[in-house]
Amino acid sequence: MTKTINIKTKSRTEFVDITDEVSRLIKESSIKNGICCLFVPHTTAGITINEGADPSVKRDILTTLNRLIPFEGDYQHTEGNSAAHIKSTLTGVSITVIFENSNLLLGTWQSIFFCEFDGPRHRRVILKITSS
Amino acid sequence: MTKTINIKTKSRTEFVDITDEVSRLIKESSIKNGICCLFVPHTTAGITINEGADPSVKRDILTTLNRLIPFEGDYQHTEGNSAAHIKSTLTGVSITVIFENSNLLLGTWQSIFFCEFDGPRHRRVILKITSS
Amino acid sequence: MTKTINIKTKSRTEFVDITDEVSRLIKESSIKNGICCLFVPHTTAGITINEGADPSVKRDILTTLNRLIPFEGDYQHTEGNSAAHIKSTLTGVSITVIFENSNLLLGTWQSIFFCEFDGPRHRRVILKITSS
Numbered sequence: 009m010t011k012t013i014n015i016k017t018k019s020r021t022e023f024v025d026i027t028d029e030v031s032r033l034i035k036e037s038s039i040k041n042g043i044c045c046l047f048v049p050h051t052t053a054g055i056t057i058n059e060g061a062d063p064s065v066k067r068d069i070l071t072t073l074n075r076l077i078p079f080e081g082d083y084q085h086t087e088g089n090s091a092a093h094i095k096s097t098l099t100g101v102s103i104t105v106i107f108e109n110s111n112l113l114l115g116t117w118q119s120i121f122f123c124e125f126d127g128p129r130h131r132r133v134i135l136k137i138t139s140s
Numbered sequence: 009m010t011k012t013i014n015i016k017t018k019s020r021t022e023f024v025d026i027t028d029e030v031s032r033l034i035k036e037s038s039i040k041n042g043i044c045c046l047f048v049p050h051t052t053a054g055i056t057i058n059e060g061a062d063p064s065v066k067r068d069i070l071t072t073l074n075r076l077i078p079f080e081g082d083y084q085h086t087e088g089n090s091a092a093h094i095k096s097t098l099t100g101v102s103i104t105v106i107f108e109n110s111n112l113l114l115g116t117w118q119s120i121f122f123c124e125f126d127g128p129r130h131r132r133v134i135l136k137i138t139s140s
Numbered sequence: 009m010t011k012t013i014n015i016k017t018k019s020r021t022e023f024v025d026i027t028d029e030v031s032r033l034i035k036e037s038s039i040k041n042g043i044c045c046l047f048v049p050h051t052t053a054g055i056t057i058n059e060g061a062d063p064s065v066k067r068d069i070l071t072t073l074n075r076l077i078p079f080e081g082d083y084q085h086t087e088g089n090s091a092a093h094i095k096s097t098l099t100g101v102s103i104t105v106i107f108e109n110s111n112l113l114l115g116t117w118q119s120i121f122f123c124e125f126d127g128p129r130h131r132r133v134i135l136k137i138t139s140s
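So the sequence lines, in the order shown, correspond to chains A, B and C. Taking this note's numbering, I'd label the letters of the first sequence as residues 9 to 140. Taking this note's numbering, I'd label the letters of the second sequence as residues 9 to 140. Taking this note's numbering, I'd label the letters of the third sequence as residues 9 to 140.
Here chain A stands alone, though its shape is the one from the complex:
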């Protein structure tokens, strides 16, 4: 089963917690046990799993990525968003999570984040829910 999550980001760089929506789509499917592939169909965004409890964690990740890959630099791509493309490759655009009895097997502190690196924009995450 293929589903889509629509996201409207508000900032140039931002982590958007999509855990609840992923969890809901898995529960709504008729599949009890399997894997869920999450795919970001964008080249200036990414997906990651990290701590959702303390918002300073996502702030520290974004700040460190900005330090390592500055917005302005010796880039040849003329659209002004090379840094976003590079961050997308470092975080990745595909992640696979496991579920059992319709429940996501995430750790206590884990949240699934859509990573905006060139916002604000309308974005999508595609989910493929597969039984196993």
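Hints are not guaranteed to be accurate.
As the list makes no split between identical chains, a pair holds if one copy fits it or if it spans any two.
[Claimed, not checked] Mimicking DSS-like on lysine-lysine, the simulated pairs with C-alpha atoms at most 30 Å apart in a straight line are: (1) Lys11 / Lys35; (2) Lys35 / Lys16; (3) Lys11 / Lys40; (4) Lys40 / Lys18; (5) Lys35 / Lys18.
It should be emphasised that the hints constitute simulated quantities derived from the structure, not laboratory data. Source: prediction; values computed, not measured.
Since the structure of chain A is provided, determine the placement of chains B and C on it from the hints.
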């Protein structure tokens, strides 16, 4: 179904667009809907998805990786390719894409790139196409 | 089929080779051909595949990550392990491997490593073995 893409790289670091070959192998399979796991069986190469339209994007990614992880550095591995191993861990060697009605669900600007970090060499990407 | 590998790490940062245990769990399952999703349910650890033959490779990867993302920095998260969270996002917490005839399709030099970035701790890796 398991398939292999053979690649002959020409440079020390290089992104090779394998989107058309992945797409062709999915179409040739009898599976209409599912996921395709792409796996790079090398330790000095990687795989990523990013913009394919403007070649300056892959140039900016490679240049930035070279700046962050220089070829020469305080490395203990004596084969002279530590930077390639480190880049492989940062991009990753496994990625999962989704297809429907035999079509890859990629974004408009997305291409799938084999990442050479220690070429030129003969390389492989292994695909597992799974129905869902 | 879902399985868990338990790991006891000994250092603050460390790569633990789990290839043999992943291989054993795949062989013990009744599934001959498919994919195995490996998932780390922690926010200060990761998973990667890289060279296992020469231990200086994992040392060079860890040292470079420590150089790029120092333990102490301009971090807002007050638990003192922001660097570990950031490294987790860069390596990732999910990886998918392929097996055929009960054998992992890894390259000659590849090992699967659990990445400890905030140890020593008790850790887990969750495996979902799926036929295809």
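Structure-based check of all given hints:
1. Lys11 / Lys35: both (12 Å within a copy, 22 Å between copies)
2. Lys35 / Lys16: Within one copy only: 23 Å inside, 33 Å across.
3. Lys11 / Lys40: Intra 16 Å, inter 17 Å, cutoff 30 Å: intra and inter.
4. Lys40 / Lys18: Neither: 34 Å inside a chain and 37 Å across chains, both beyond 30 Å.
5. Lys35 / Lys18: Intra 28 Å, inter 38 Å, cutoff 30 Å: intra-copy only.
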